[in-house]
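> Given next are the chains, with one letter for each unit.
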Amino acid sequence: MTTVPAAAEAPVESLVGNLFRHKAGELVSMLTRLFGVERIELAEDVVQEALVAALQIWPYRGVPDNPGGWLATVARNRALDILRREKVLHGKIRKTGGAGSPVFADPERFLEDPFGDDQLTMMFLCCHPVVSREAQIALTLKTVSGFGVAEIARAFLVSPETIAQRLVRAKRRLAAERVAFALPPPEYCAPRLEAVLQVLYLLFNDGYTVGEGRNPVREDLCAEAIRLCTLLAGHRIGDRPEVHALLALMLFQASRFQTRTDPHGNLLLMAEQDRSLWNDRLIQEGLLHLGRAGTGHTLSEYHLLAGISACHAAAARYQDTDWRRILFYYDAIMDLHPSPVAALNRAVAVAMLEGPAAGLAALEKIRSEPGLQSYYLLPATFGELHERAGDPMKAAEFYREALGLVQNETERAFLHNKLEKAQRQEAENGAR
Amino acid sequence: MAKYILFMRGSSAGFREMAPEEIQRTIQKYEDWARSLMSQGRLRGGEKLKDDGVRTVRMDNGRIVMDGPYPETKETIGGYFVVEANDYDEAAKLAQACPIYPYGGTVEVREIDPDNAREQ
Numbered sequence: 527m528t529t530v531p532a533a534a535e536a537p538v539e540s541l542v543g544n545l546f547r548h549k550a551g552e553l554v555s556m557l558t559r560l561f562g563v564e565r566i567e568l569a570e571d572v573v574q575e576a577l578v579a580a581l582q583i584w585p586y587r588g589v590p591d592n593p594g595g596w597l598a599t600v601a602r603n604r605a606l607d608i609l610r611r612e613k614v615l616h617g618k619i620r621k622t623g624g625a626g627s628p629v630f631a632d633p634e635r636f637l638e639d640p641f642g643d644d645q646l647t648m649m650f651l652c653c654h655p656v657v658s659r660e661a662q663i664a665l666t667l668k669t670v671s672g673f674g675v676a677e678i679a680r681a682f683l684v685s686p687e688t689i690a691q692r693l694v695r696a697k698r699r700l701a702a703e704r705v706a707f708a709l710p711p712p713e714y715c716a717p718r719l720e721a722v723l724q725v726l727y728l729l730f731n732d733g734y735t736v737g738e739g740r741n742p743v744r745e746d747l748c749a750e751a752i753r754l755c756t757l758l759a760g761h762r763i764g765d766r767p768e769v770h771a772l773l774a775l776m777l778f779q780a781s782r783f784q785t786r787t788d789p790h791g792n793l794l795l796m797a798e799q800d801r802s803l804w805n806d807r808l809i810q811e812g813l814l815h816l817g818r819a820g821t822g823h824t825l826s827e828y829h830l831l832a833g834i835s836a837c838h839a840a841a842a843r844y845q846d847t848d849w850r851r852i853l854f855y856y857d858a859i860m861d862l863h864p865s866p867v868a869a870l871n872r873a874v875a876v877a878m879l880e881g882p883a884a885g886l887a888a889l890e891k892i893r894s895e896p897g898l899q900s901y902y903l904l905p906a907t908f909g910e911l912h913e914r915a916g917d918p919m920k921a922a923e924f925y926r927e928a929l930g931l932v933q934n935e936t937e938r939a940f941l942h943n944k945l946e947k948a949q950r951q952e953a954e955n956g957a958r
Numbered sequence: 004m005a006k007y008i009l010f011m012r013g014s015s016a017g018f019r020e021m022a023p024e025e026i027q028r029t030i031q032k033y034e035d036w037a038r039s040l041m042s043q044g045r046l047r048g049g050e051k052l053k054d055d056g057v058r059t060v061r062m063d064n065g066r067i068v069m070d071g072p073y074p075e076t077k078e079t080i081g082g083y084f085v086v087e088a089n090d091y092d093e094a095a096k097l098a099q100a101c102p103i104y105p106y107g108g109t110v111e112v113r114e115i116d117p118d119n120a121r122e123q
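Those protein sequence lines, which keep their order, are chains A and B. First residue of the first sequence: 527, per the working numbering; consecutive thereafter. First residue of the second sequence: 4, per the working numbering; consecutive thereafter.
Note that these hints are calculated values from the structure, not bench results.
Computed footprint of chain A on chain B, listed as stretches where at least three residues anywhere in the stretch have a Cβ under 8 Å from a Cβ of chain A:
#1 32–44
#2 47–54
Derived list of chain A stretches under chain B, where covered just means 3 residues or more per stretch with a C-beta under 8 Å from a C-beta of chain B:
#3 546–554
#4 584–590
The beta carbon of each residue, even a glycine, is placed where N, CA and C say it ideally should be.
Chain A with its partners taken away, still in its complex shape (with noise of 0.2 Å):
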């Protein structure tokens, strides 16, 4: 004996970030390719199989000097061992008439992804409309990503059975309907290209909704959700401005995740936050991205968020707000894609510029939609609006109403907060 391990002789570089996430992610698209749609599962295997190959070795002789690369190799050199075990089935087959493929002839030759494609076309294939939804988002996450079955239920608070369900449908779905592993053809791009940025949004959405205390999970959503649509952006087929628009929306968002609840969990409003937390990389970023978006005659509802978005962003303090300039935005959104959320949004920026009273005329158009009857925010919006023209009673009335809608504690413990304010300014004005 005895062989120091690598690990003795000099203390290696920590494992950085997500390496080992988006090595999987990766190197499953990779593999999805060279073995075909319809084997996905064959590809997760192969990957899985190198990754624990690594953490079964590597404790001993340390971590190597290019993690990726090893663990690329190991995948590599499993997948060819399978493609040239069935080469010689494939063989015996021919004689019998079977048909030939260029992989079995020269598989190293299908291993090189020079044009970095293959996460696309694994993004674009995992949003394939033969797959729902709920599991295009799953699958994406599971294979483009490189996120486990188990943080995938976590981040979306269903059983991991679920999740596993869901994902064995959808691959079974793309092996039916024989979906081929290539980018869309330019005539199906943009729909094809509309739904990638609707998952990527929705996965960004489901991460940033302040839920139940501190969740990592879902705060890696929206790295992820940035992540993949930083690589659509810079790749030629998503190179568009409503991709760029996507992106800076989200890089706004971002850039004030820490600052939307206070150390003890509770919610912070716009006007309340530290602006001085702001994230100003991201929001750099975010303005690079919008700038890009202008380009082209392209306008999307993205442009418009990102717009608003902005709006905050460039604001030093919350009345330095440009409300005129959102509610401009809100319009446009209300004739490009008219939906109660967005109206809804568009009365606190009617507000805003013209006075409670106004906000509350808005409101009230929009009271009776059926999409608002459950969302706590409408009554929420109602009682604050209430509030500033000066009717706690009024105000207290909705804050009540809407905690009997709310989801989560948080939610729950800021309405208990607007409603004890009411109350006592209620008290107060009764006492006058």
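Guided by the hints, dock chain B onto chain A, whose structure is given.
Positioned in the frame of chain A, the structure of chain B alone reads:
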């Protein structure tokens, strides 16, 4: 100081379900553990054993027979570390900080017999 071998025993059955992030985190824990052993000047080496070809040779009814290879669910020694410690308790303490346990693994701590007779 005496030398001790830490035999790392476990099965890889649960590894199939581990998420990439979790695998990375676990490797990082091993790194941290090894580094802490080194900074205390305790780590004297270690080797990984090959996973395939685990067999047991034994006598059965007067005949030498060979069992295995075993399925991956079977616990085997995956590798070992050699550490220096003042006494057995201290060696055991070093082993207690190993990250193997959450995954069902165990560590067997054995002192290497210093073989005083030969040295004399």
